[in-house]
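Enquirer: Each chain, letter by letter, is given below.
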Amino acid sequence: MGARAEQERGVGRFEESVLPHLDSAYNLARWLTRNGHDAEDLVQEALLRALRAFQGFRGADGRAWLLTIVRNTCYTWLRANRQQELTTEFDEEVHTLESDVLNPERLVLREGDNARVRQALEELPAEFREVLVLREIEGLSYKEISTVVDIPVGTVMSRLARARGRLQRGLTARPSEER
Amino acid sequence: MNCQETRVLLHAFLDDELDPVRSLSVQSHLDACPDCAREHAAQRSLRAALRDEALYFRSPEGFESRVRAALASQGAIERRAGWPSAVGALLRMRWAWLPAGAAVALLAVIVITIGRFGTPAPGSTADDLLGREVVASHVRSLMANHLTDVPSSDQHTVKPWFNGRLDFSPPVKDLAGEGFALMGGRLDYLAGRSVAALVYQRRLHVINLMIWPAPGEPDRPLTVGTRQGYHLLHWTRDGMSYWAVSDLNEDEMKQFVGLVQR
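Quick mapping for you: the protein sequence lines, in order, are chains A and D.
The opening position of the first sequence corresponds to residue 1 in the working numbering, with each subsequent residue numbered one higher.
The opening position of the second sequence corresponds to residue 1001 in the working numbering, with each subsequent residue numbered one higher.
If we strip away everything but chain A, and leave its shape as in the complex, we get (with noise of 0.2 Å):
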């Protein structure tokens, strides 16, 4: 009886530091396969994952624990289901030559325009995508995004300036539609 009482504090414990970030996980699902349905299922699976795992979980920031779990069981769905749009090439060099090219006068963002970024935001390869979630979206500090995205603090940074400097070009190149 003793064990099942614990095991019960245990699911009452992840309901309390787990379920809270629900909106967190369909939002990061949401934008990693672009489609609501998916995400659900997906956030279901690595909640139940989860929950199998909690046991082990002993730190303080169970938002970016979970995020950690959503974010490898999409990736596993992706990479059998989207696999060709996991494999993108990059060429740093063009890219940053670009970049610099780049007039920022031309990026104008009007209220309204938020169609827009969605668009552009969707059109980024996942790995850039996920960092402009986490961090402007979800608002997770660069030490939260190294944790759930598993590569180090240094390039988290290098990774968001990429990600910005790809997300302007694609908005500079899709001008506002006349409506």
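Rather than coming from a laboratory, the hints here were simulated on the basis of the structure.
Computed from a prediction, not measured in an experiment: that's the story for all the values here.
Any given hint could turn out to be false.
Stretches of chain A that chain D covers, calculated by requiring three or more beta carbons in the stretch to come under 8 Å of a beta carbon on chain D [what the hints assert, rightly or not]: (1) 17 to 28; (2) 31 to 38; (3) 130 to 139; (4) 153 to 166.
Label-pair distances were calculated between CB atoms; the ranges are [what the hints assert, rightly or not]: (5) S158/A - G1239/D: 40 to 50 Å; (6) K143/A - D1167/D: 14 to 24 Å; (7) P152/A - D1031/D: 27 to 37 Å.
A partial selection of chain A residues facing chain D, derived with a Cβ cut-off under 10 Å [unchecked claim]: (8) Y75; (9) R79; (10) R116.
Even glycine gets a Cβ: it sits at the ideal position worked out from N, Cα and C.
Here the structure of chain A is known, so what remains is to put chain D in place on it, guided by the hints.
Expert: For chain D alone, kept in the frame of chain A given last:
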């Protein structure tokens, strides 16, 4: 600090991740250099656009309660099993409602049934045998009050439930809009392997849809048969083998299969 150094540190500056000393020198460069200041302004406007509430995907209505239900059933399974062994738990749970004696008796009935009808008649094909197994499984599911392991009309509850219990992911569709309501899912054992059984209801008729992978097998068109008064429909598509079985009439069974295949 020159422009090149500033551009390198600009993102950390923007993200409030710089120590105060370097942060001050970036700021003083920005005050003095219009080019870098413009780049900084552009980045700030991009950030403002990204932080728009419209870009945050909140989880849909009802999702949290579905998740809680899934977690609760998982928790219950694992409590019976000892924490990690969910599969063993499942097997035990399946029979938990039955006194051991009744379980043995039921098993004896099944063994006798298979003994009586199970000997392959001359000329019977592998499909025949399998069809018999499928019907037996359908009858058993109705008899043993064990129709579903995961009773849910929500495909987003049923499909993830199979994860970790099967080495494949069965396609799960809710066809309630077409008059075939999803009742849930169950693990079954057929053709020498674990398979997914999806349970649908049409009026008072129960339909079992069994699915398992058939790697390398060519697609096979629908065949319709009858056995012990049950309609038995079989097809193979995209490397998956499907069997649908029910006492529902043949026309509506074909309609059901058409919807599943759609």
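Enquirer: Hint by hint, note whether the structure agrees.
Expert: How the hints compare with the structure:
{"no.": "1", "hint": "17 to 28", "in the structure": "holds (count 6)"}
{"no.": "2", "hint": "31 to 38", "in the structure": "holds (count 3)"}
{"no.": "3", "hint": "130 to 139", "in the structure": "holds (count 4)"}
{"no.": "4", "hint": "153 to 166", "in the structure": "holds (count 4)"}
{"no.": "5", "hint": "S158/A - G1239/D: 40 to 50 Å", "in the structure": "holds, 42 Å"}
{"no.": "6", "hint": "K143/A - D1167/D: 14 to 24 Å", "in the structure": "violated, 37 Å"}
{"no.": "7", "hint": "P152/A - D1031/D: 27 to 37 Å", "in the structure": "holds, 31 Å"}
{"no.": "8", "hint": "Y75", "in the structure": "violated, 15 Å"}
{"no.": "9", "hint": "R79", "in the structure": "violated, 14 Å"}
{"no.": "10", "hint": "R116", "in the structure": "holds, 9 Å"}
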